[in-house]
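J.: Just so you know, the protein sequences line up as chains A and B, in that order.
The opening position of the first sequence corresponds to residue 1 in my numbering, with each subsequent residue numbered one higher.
The opening position of the second sequence corresponds to residue 1 in my numbering, with each subsequent residue numbered one higher.
Any given hint could turn out to be false.
[To be verified] What follows is a list of derived Cβ distance ranges for each label pair:
hint : chain 1 : residue 1 : chain 2 : residue 2 : range
1    : B       : W11       : A       : F147      : 39 to 47 Å
2    : B       : W11       : A       : W87       : 50 to 58 Å
3    : B       : T6        : A       : Q238      : 17 to 25 Å
4    : A       : Y177      : B       : V59       : 47 to 55 Å
5    : A       : L186      : B       : Q54       : 45 to 53 Å
6    : A       : R193      : B       : W29       : 29 to 37 Å
7    : A       : W41       : B       : R49       : 32 to 40 Å
8    : B       : K23       : A       : G196      : 28 to 36 Å
[Claimed, not checked] Not close to chain B: a few residues of chain A, all C-beta gaps over 10 Å, as computed:
hint : residue
9    : H3
10   : V19
11   : V45
12   : Q119
13   : R181
14   : Q188
Simulated from the structure, these hints should not be mistaken for laboratory data.
Glycine included, C-beta positions come from ideal geometry on N, C-alpha and C.
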Amino acid sequence: MVHWQRYVFWFASPARAQVLAQRVSGPLMWLAVLLLLPGLWLGFVSTPADGVQGEGYRIIYLHVPASWMAMFSYALMAAWHATGLIWRTKVSHLMAHALAPTGAVFALLSLVTGALWGQPMWGTWWVWDARLTSSLLLLFLYIGYLFLLHAYDSPTRADKGCALLCLLSVVNLPIIYFSVRWWNTLHQGATIRPEGASMAAPMLAGLLLMTLAAWAYTAGTAMRRFEQLLQAREAHTQWLGDLTNEENRVD
Amino acid sequence: MTEWLTWFQPWWPNLAAFFAMGKHGVYVWGSVAACVLALGLEQWLLAARIRRWQADQAVLQTLHSQQKMPSSLISIVNSATKDRP
Numbered sequence: 001m002v003h004w005q006r007y008v009f010w011f012a013s014p015a016r017a018q019v020l021a022q023r024v025s026g027p028l029m030w031l032a033v034l035l036l037l038p039g040l041w042l043g044f045v046s047t048p049a050d051g052v053q054g055e056g057y058r059i060i061y062l063h064v065p066a067s068w069m070a071m072f073s074y075a076l077m078a079a080w081h082a083t084g085l086i087w088r089t090k091v092s093h094l095m096a097h098a099l100a101p102t103g104a105v106f107a108l109l110s111l112v113t114g115a116l117w118g119q120p121m122w123g124t125w126w127v128w129d130a131r132l133t134s135s136l137l138l139l140f141l142y143i144g145y146l147f148l149l150h151a152y153d154s155p156t157r158a159d160k161g162c163a164l165l166c167l168l169s170v171v172n173l174p175i176i177y178f179s180v181r182w183w184n185t186l187h188q189g190a191t192i193r194p195e196g197a198s199m200a201a202p203m204l205a206g207l208l209l210m211t212l213a214a215w216a217y218t219a220g221t222a223m224r225r226f227e228q229l230l231q232a233r234e235a236h237t238q239w240l241g242d243l244t245n246e247e248n249r250v251d
Numbered sequence: 001m002t003e004w005l006t007w008f009q010p011w012w013p014n015l016a017a018f019f020a021m022g023k024h025g026v027y028v029w030g031s032v033a034a035c036v037l038a039l040g041l042e043q044w045l046l047a048a049r050i051r052r053w054q055a056d057q058a059v060l061q062t063l064h065s066q067q068k069m070p071s072s073l074i075s076i077v078n079s080a081t082k083d084r085p
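Generate coordinates for the entire structure from the input sequences, incorporating the hints supplied.
T.: See below:
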């Protein structure tokens with residue numbers, strides 16, 4: 001009965017988690033570059049202009065990956081916090097803390113690139129429709145999360161407090177996603193649906209490559225940050241090991 | 001078969017058209033610049049945080065090896081300052 005549990009919780013040990021993070025963060029960043037280059041080529045160099053929007057549509061290759069990663073990161077944070085609360089694994093909370101800044105950056109970029117796209121196409125930088133408002137709310141949630149993280153003196157309280165905020169506010173994600181279906185919004189509807197995509201093949205390929213590059217970037221950066229958070233939190237325990245080895249004469 | 005080849009050929013007749021992006025050059029290149037700036041800044045800040053933490057740990061290590069600071073005190077310093085960048 002113990003066997004499968006041992007493997008499921010293999011990386012719940014801080015030492016193993018740190019080694020994993022160290023090993024994967026570099027390759028993930030390289031993967032991001034490898035995916036970014038053909039994505040940029042397809043998106044900005046080789047695909048033709050859009051029939052309606054002209055060349056300005058190319059912002060899609062930045063805006064959509066940023067938006068998707070902002071939402072996906074928040075969902076991942078909620079999953080990691082839920083894991084940490086249910087199984088009381090400390091490193092799960094740290095993984096969520098590591099994802100937050102990158103998710104926040106992508107949420108901001110989603111709004112900025114969206115505004116730069118909206119001005120030439122809609123004639124306005126901003127409109128308080130359902131999609132944009134809920135996306136702005138996502139950015140505020142990220143900022144609130146980051147402030148909350150640094151507000152606590154005790155790290156375990158920080159873990160619990162941020163977990164509470166994240167899990168209660170994750171309801172915003174389906175609101176963002178379905179807003180274009182539930183409400184009458186200026187923002188266009190979904191182009192990519194489970195039934196298929198109404199996009200030409202090279203454009204879709206470019207979009208998917210950019211999205212995967214954004215994912216690899218998020219994963220690599222989060223792993224680097226996770227490694228650093230882990231070291232900072234475990235530093236006092238590493239030094240304790242020396243006490244038994246060398247020098248009581250120093251104390 | 002020939003359709004695949006178009007994926008490798010540039011759509012732009014010349015570099016000037018590429019930078020102009022129709023009439024939307026400001027918006028498209030502005031978006032690119034925003035992404036490069038934001039993500040570059042994030043990487044730089046993360047690297048700076050890691051460097052700062054490693055420098056602090058190096059100072060503690062030096063003090064310890066010169067026997068000016070016991071392990072127990074280093075543990076206390078680290079546990080008091082954990083999560084403080």
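J.: What are the numbers of the hints the structure violates, in ascending order?
T.: 3, 11 and 12
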